[in-house]
Amino acid sequence: MKTIKKYLSLIGSFISLVLLILVLFTENLKIINLRSFNGFELLFGKNIELNSLVIAVFTFSFPILLFVLFLLVSFVFYLLAFFKKNKHFQFYASVFLLLGFFNTFISYSFVLGNNYDELITLGYSSYQGGFAPVLVGILSLLFGAYSTVLSYEKEIVWAFLNFFKKIGIKIARFFVGIALGFVNFFVKKYEQFLEDDKDGRVSYLVMGWSSFKNKQYVNAVLYFLSEIIFIVFMIVYGFFALGMFFTLGDKVYNPGGQWDPELNDFAPAIPGDNSMTALLFGIIVLLFIFAFIYIYNRNLNTANHNNRLKYFVEYSHAYKEREVLLKKDSQFFLALDFDLNDKDAKKLYLQKRKEFILANNFDKLTNILISRVKFNILIDYDNYARKLLLHEIKFHEVFDKYNLFYNRKIVFSNAIKLVEKHEEILLLIKGEHQYCLTNDIGPDKLKDKREQVAIVSAYYHIHDTTANQVILNAQKGYSKAEIEGQYNEYLAKHLGEFDGRPKNFKESMATLLNENFSTTILFLPVAMAVIFVILPLLFTILVAFTNYGPGHIPTNELFDWVGLNNFFSFFKSNGASSQAKTIGTLLVWTIIWAFFATFLNYILGMLLAIIINRKTIKWKKFWRTMFVISIAVPQFVTLLIMNRILSDNGPINQTLIKYGYNMIPFLSDPFLAKVVVILVNCWVGVPYTMLITSGILMNIPADLYEAASIDGAGPTKQFLKITLPYMLFVTGPYLITQFIGNINNFNVIYFLTGGGPSNAALDHAGDTDLLITWLYKLTVNEQQYSMASTLGIFIFAACSIISLVLYARSGSANSEEAFS
Amino acid sequence: MERVGEKMSMRTRRIIVDVILYVILSVLAIIWILPIVWLVLQSFSAEYGGEGSSLIPTNWGIYSYVELLSNRVFKGYFPGQNGELIPLWDVSQYNYVQWFLNTLLVAVITTIISTLLVLFTSYAFSRLRFKSRKTMMKTIMVLGMFPGFLSMIILYQILDLVGLTYSLFGLILCYVGGAGMGYYVCKGFFDTVSKSIDEAAMLDGANKLQIFYKITLPLAKPIIVYTVITSFMGPWCDYILSSYLLGGSILTEQSGWTIAIGLYDMLMGQSTNVMYYTQFCAGAVLIAIPISILFIFVQKYYVSGITGGSVK
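Each protein sequence line maps, in turn, to chains A and B.
For the first sequence, the residue numbers in my numbering are 836 to 1655.
For the second sequence, the residue numbers in my numbering are 176 to 487.
It is worth saying that the hints were derived from the structure and are not from the lab.
So these bits of chain A aren't anywhere near chain B, every CB distance computed over 12 Å:
id, residue
1, Val911
2, Ser1061
3, Glu1062
4, Gly1078
5, Phe1081
6, Gly1084
7, Gly1091
8, Gly1092
9, Lys1341
10, Phe1430
11, Pro1500
12, Leu1507
13, Val1510
14, Gln1553
Quick partial rundown of chain A residues pointing at chain B, CB under 7 Å, derived from the structure:
id, residue
15, Leu1348
16, Pro1371
17, Thr1451
18, Trp1458
19, Ser1465
20, Gly1530
21, Ile1607
Take a look, some chain B residues computed to stay more than 12 Å from chain A by CB distance:
id, residue
22, Ser184
23, Ala221
24, Ile237
25, Pro254
26, Gly255
27, Leu263
28, Trp264
29, Asp265
30, Val272
31, Gln273
32, Leu280
33, Val283
34, Gly338
35, Lys396
All figures in this text were calculated on a predicted structure; none of them were measured in a lab.
All C-beta atoms, glycine included, are put in the ideal place defined by N, C-alpha and C.
Use the sequences and the hints to build the structure in full.
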């Protein structure tokens, strides 16, 4: 129930936000203008011309009637809550009260705002337009929200406020982090310079010198070559390209054609600069410089690492003393027998740890590595200790090359630690099997290895990995001696790897398959993404600061930097179809669209999945296939077909006309078109949701339902108490990505309505246009590139804020390691 | 006696609920299947220029398929020597077979490359721990929020620089470019696969590459199938990017089009939408066939892949 409440409050606050925005833009929306309301034609088959007086009466009475209705429902729930002593009824009552307030406020502002002209003709000239109802509405909304919260739960308010506080801190931290990162980089380089020997310092000027001195010849040659190439490139082309980047070209295209007496001919056309390529090559050169900085930094790190390695020769022998050190460390931990939640104790821990590391400089590396062994125990012990250890490990990342060895070592030591218990564990598993059989829980449970691992790890309070390893060894039938034998053999084989000598080229290439496998495997994806995603993205962002658009289209025209002008011009309203107004209108519609497209799909898909998964329903596969078939037909085809079917002279309307009915303007009436777009999107999206949710539904442990039905919970209660919270928890991140995806959903609108019906009040946009389709029109049809880029940045900002907010709230986003 | 009655009432209640659910399911299924049935019916219509004004065609035939595949278009009936009407065909301005082959080529190559890229990326983010892992994941998340097609213009410019506009190879490059960034579902799946097997392999002396292709990949069959399907369906059904890069408005270059551009032009083109309407339907049915077959065979994997991956 707690989760549901959480999500209800989330959804509630979201709805209120949407409604608020809706009302603020009520002047643009004209949803309920009774004069041009097509609903009558829909309902009665002919258009009813309304009397002005009727409109006035309706205008004033309708919201009040609605409010009274909601009030009555709310009152009934309050009564129920009072007599039945049930808190949930109280909750429903407050929800209805809140809805009542919402409704009054919405309908007043809509109906009054949109039928203002009618009212004036009736003599209500003192009425002050749309502002007053909005104010009244906001007040009633606040009051409604306040009363809801008061009557239900105060902590929601605090949770809400705290949440904004946290977001603020996070954003501040982000920027401070970037600044600190820059400073730290230079500080670190300076420290490295001080620490380095002569060879290392020469490497700051002559790249690869230290590598050369340490017999890493290939590396040295590569470093040196890259330095030479960079310098030559910059002199030959780089500086020129950078200059062009800052001016974006100044030589204007000369079409020629006038008589030139010197040439005794018509002047030929002289090509000017191309701002487009100037910008593009500028970005490429900048990226090139960044790449060089990265290589240069790597060179410095290599030099530093080589230098350090000289002092770490001794450590190759340290492993022989590992047993001693392990004991020492465990003694240390035993001595620190205190509660880590205690603040002073934490300080003491930090201090002791530092002393321990500093005092025994020889053990520095070993201690860190040992702490990694301990890490597995500590990870569950205390979050603070975990952070501390992570910090230590991060600090000593330079020794990452040894990590693989130690990962293996952990596995071995864990195996040894638990191999004695493996008989006992087998007994436990067998016992559990017996238990399952006698209690008829289902022996298939045992086949799942994860289940066994969970049992064993819980029983012995150990990490999953360890439990897994023990079970594995138990299954393979290894004895303790065998595992120890393997361990020693392995140590003997790999001890030579740590001789403190810098790796030569061949050896470091070999690490690309092991320690540095991430580099190998990510090289291609990253390179592709830089060329085809990041480069165009940088370009697009920069275009927002230029006047690239009509009148400034290369190659015959130049464009130039204009600073933040594009951003300001969005907020200037000039004339009837200003961009500011268009953005406002489209933003409201985009949010409404994204909301309905996401949640309607989700709920309908889930209900469908639940129905199909019901035990008594037969031909499950058949039903599922019926819905899945629509995925197989490409989206653009089905959408174009839908467009045909629903168009004004499509088959549905033709049939209607044939039998003497009026046609329904599915796609040509602004309001109806919006509804149709949302419904068609359901048609497109529900099969996907059904597929996803039906899989997850099957994963919900069946005993939960059994227990609930024994307790007497009906299907509705089971859905609300088990299914919905589970689904919301598991699919939280999916919902967020869906929401963002719907804000940027292009296909449905583009193919179904093309943004239409067109609206003269908007700037090159129709009534169903989303921000994203408008963006497409601005770029492809109108060539307003700089405007489109600016808008793109706005959309990006909106999306990132929404997902930041939602991600911070969703639980499963933070538990990445939960399953591994 | 009482217990039996109770049982009976329970049973009748269950049956009533079931009947209601069956009715709901049937109605929904009809709604979902109807547009597709309509599409198929139209493709078998022999009414030229009918533009689908009626739900069920009056004349039937496979003419539209034959015309589509033989690059012909119906011109009209002309009176013959004896006064009977002879149907005449013209050479079609479209070349569907060529589009089909183009799209197949693009889709297959894209599928192979982008599946690899997705697997690489998700494996790296799920199984390997390296310095910039979190930063990269966050960056990718942020990049994903930027409306993608804004960069189409500049992609076009870049391809123009290297002379790859109006070429299928350029299109493939664009599809494949950001493929690795769609790693979420796949990573979610890898996260759920137990790590103990990796460790066991490490004990036996396997390096990370061997672990990747000998252990992880065979275990990840469902997610590979899922990735293959999604990365095949992307280019197979894409209109926006392909039309911007290949479309132009020059009909002479239409042999280099993909199916989506062609079909869109058949239906929404300036002068052709009536003549080619049934051909459009036939073409749409034909491109749906490969995906349908793919789906029918691998639906099980698809579901387990997507649920395994998206539960995170």
